[in-house]
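K.L.:
Take the sequences, apply the hints, and build the full model.
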Amino acid sequence: MAATAPSSSSPSKPFDIVATYNELLRSDPDLTMPIAAIEALVLLLTHSPSSTISETLDLLEKSTTHLKKSIPNPIGLSAGTDLFQRYLITTLQRPGQLGPAGDFNAIRAHLLSNGRLFIRRAKESRDKIAAFGRGFVRDGSTVLTNGGSRVVASLLQQAADEKGGPSAVRFRVIYVLSPGKGDSAEPEGMETVRALRAKGVPVSTIPESAVAYSLGKADIVIVGAEGVVENGGIVSRMGTYQIGLLAKAMGKPFYVVAESHKFVRLYPLGQYDLPIEQHVIDFKTEEDIADGAKQQSLAHSSDVVDFTPPHLISALITDSGVLTPSANMPSSKEFVGLNRDIFDSSEEAQRRNDIRSER
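Number 469 in the working numbering belongs to position 299 of the sequence shown; there are no gaps in the numbering.
The set of hints was computed from the structure by calculation and includes no laboratory data. Hints may contain errors.
Restricting the straight-line Cα-Cα distance to at most 30 Å, the calculated cross-link-like pairs of lysine-lysine (DSSO-like) are [what the hints assert, rightly or not]: (1) Lys298 to Lys387; (2) Lys422 to Lys369; (3) Lys239 to Lys293; (4) Lys298 to Lys422; (5) Lys369 to Lys293; (6) Lys293 to Lys232; (7) Lys454 to Lys239; (8) Lys369 to Lys298; (9) Lys387 to Lys369; (10) Lys183 to Lys232; (11) Lys387 to Lys422; (12) Lys293 to Lys238; (13) Lys238 to Lys183.
Distance windows between CB atoms, simulated [as the list claims (entries may be wrong)]: (14) Glu457 to Gly305: 55 to 65 Å; (15) Asp200 to Ala368: 13 to 23 Å; (16) Ala380 to Ile451: 18 to 28 Å.
We treat Cβ as the ideally placed atom computed from N, Cα and C, and that holds for glycine.
P.N.:
See below:
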């Protein structure tokens with residue numbers, strides 16, 4: 171596997187999927203929440219052998235529910251757990267393709283043996299997105315972005331790497347920085363700022379309060395997402411929604427870059443329809459101040475998210491192509507097909523890619 175399971179998952183102790191999930195994220199900073207969730211489920215199957223299909227599905231269902239309840243914001247990881255479960259069910263409905271009568275042992279061996287492909291292909295998807303998205307970064311343009319999205323960083327750095335070559339792109343970046351976690355933590359996104367400056371890209375850092383003032387100097391907005399929901403909107407770090415509103419009001423294109431494994435089965439109707447509890451608006455009286463200070467600090471951490479509706483989004487740039495958010499959104503079933511490359515062997519994935527190319 172790509173990461174070593176924590177000690178809590180040793181044979182002498184019950185497998186702790188929550189500790190495993192958190193350890194996977196800590197051990198690999200480039201790992202996304204959906205892929206960490208998938209990897210944790212694969213490790214679960216490794217440490218908790220089941221003899222039948224029904225036992226395996228029941229184990230996955232209970233462990234997934236426990237994992238979601240243990241994480242303050244499970245929206246991102248839900249995309250991975252749902253994808254893994256749907257893929258497994260879809261695989262079980264393909265009789266004869268994995269051995270005689272769809273032999274369950276063959277299915278199990280198939281999933282476990284390809285565990286290392288999860289992370290590698292998830293990271294490769296960022297390169298695909300960068301290939302699709304760097305064309306949106308025009309010569310002489312100024313890009314406004316926020317947060318610490320790995321895929322946004324990959325896109326901008328790839329555009330910067332072409333500098334001086336036949337496809338040279340000269341651009342500038344306005345980076346919206348938010349306070350980091352903890353008093354001593356640096357603002358999220360500073361690593362990307364340093365990387366871009368090292369490549370010769372001029373970067374201006376601004377606080378969230380200066381977005382409206384600065385947006386007039388930007389040509390486009392590019393942001394990442396924790397999850398892409400079924401109506402074409404996105405769930406992302408707090409502040410993304412207001413950037414989308416300002417971009418719409420000022421006529422600036424607002425692009426979202428996200429891996430296809432972040433598409434989640436969720437259909438929020440507004441900010442307060444997300445299936446998570448956030449203490450962003452927290453009314454207090456004088457006598458509540460002492461207890462409320464701790465909750466208020468949580469409300470301003472980088473863990474809180476908001477919902478950006480599809481009418482504010484110009485396009486979704488994914489590893490499956492550029493999509494219009496309000497129309498032609500792939501269904502959950504279609505994205506299982508698009509994401510099967512994460513699970514299947516190189517030969518199987520290449521065969522499907524050849525078929526897609528012929529189409």
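K.L.:
State for each hint whether it applies.
P.N.:
Do the hints match the structure? See the list:
{"no.": "1", "hint": "Lys298 to Lys387", "result": "holds, 29 Å"}
{"no.": "2", "hint": "Lys422 to Lys369", "result": "holds, 26 Å"}
{"no.": "3", "hint": "Lys239 to Lys293", "result": "holds, 27 Å"}
{"no.": "4", "hint": "Lys298 to Lys422", "result": "holds, 24 Å"}
{"no.": "5", "hint": "Lys369 to Lys293", "result": "holds, 21 Å"}
{"no.": "6", "hint": "Lys293 to Lys232", "result": "holds, 28 Å"}
{"no.": "7", "hint": "Lys454 to Lys239", "result": "holds, 27 Å"}
{"no.": "8", "hint": "Lys369 to Lys298", "result": "holds, 21 Å"}
{"no.": "9", "hint": "Lys387 to Lys369", "result": "holds, 22 Å"}
{"no.": "10", "hint": "Lys183 to Lys232", "result": "holds, 18 Å"}
{"no.": "11", "hint": "Lys387 to Lys422", "result": "holds, 10 Å"}
{"no.": "12", "hint": "Lys293 to Lys238", "result": "holds, 24 Å"}
{"no.": "13", "hint": "Lys238 to Lys183", "result": "holds, 21 Å"}
{"no.": "14", "hint": "Glu457 to Gly305: 55 to 65 Å", "result": "holds, 57 Å"}
{"no.": "15", "hint": "Asp200 to Ala368: 13 to 23 Å", "result": "holds, 18 Å"}
{"no.": "16", "hint": "Ala380 to Ile451: 18 to 28 Å", "result": "holds, 23 Å"}
In the structure shown, no violation is registered for any of the earlier numbered hints.
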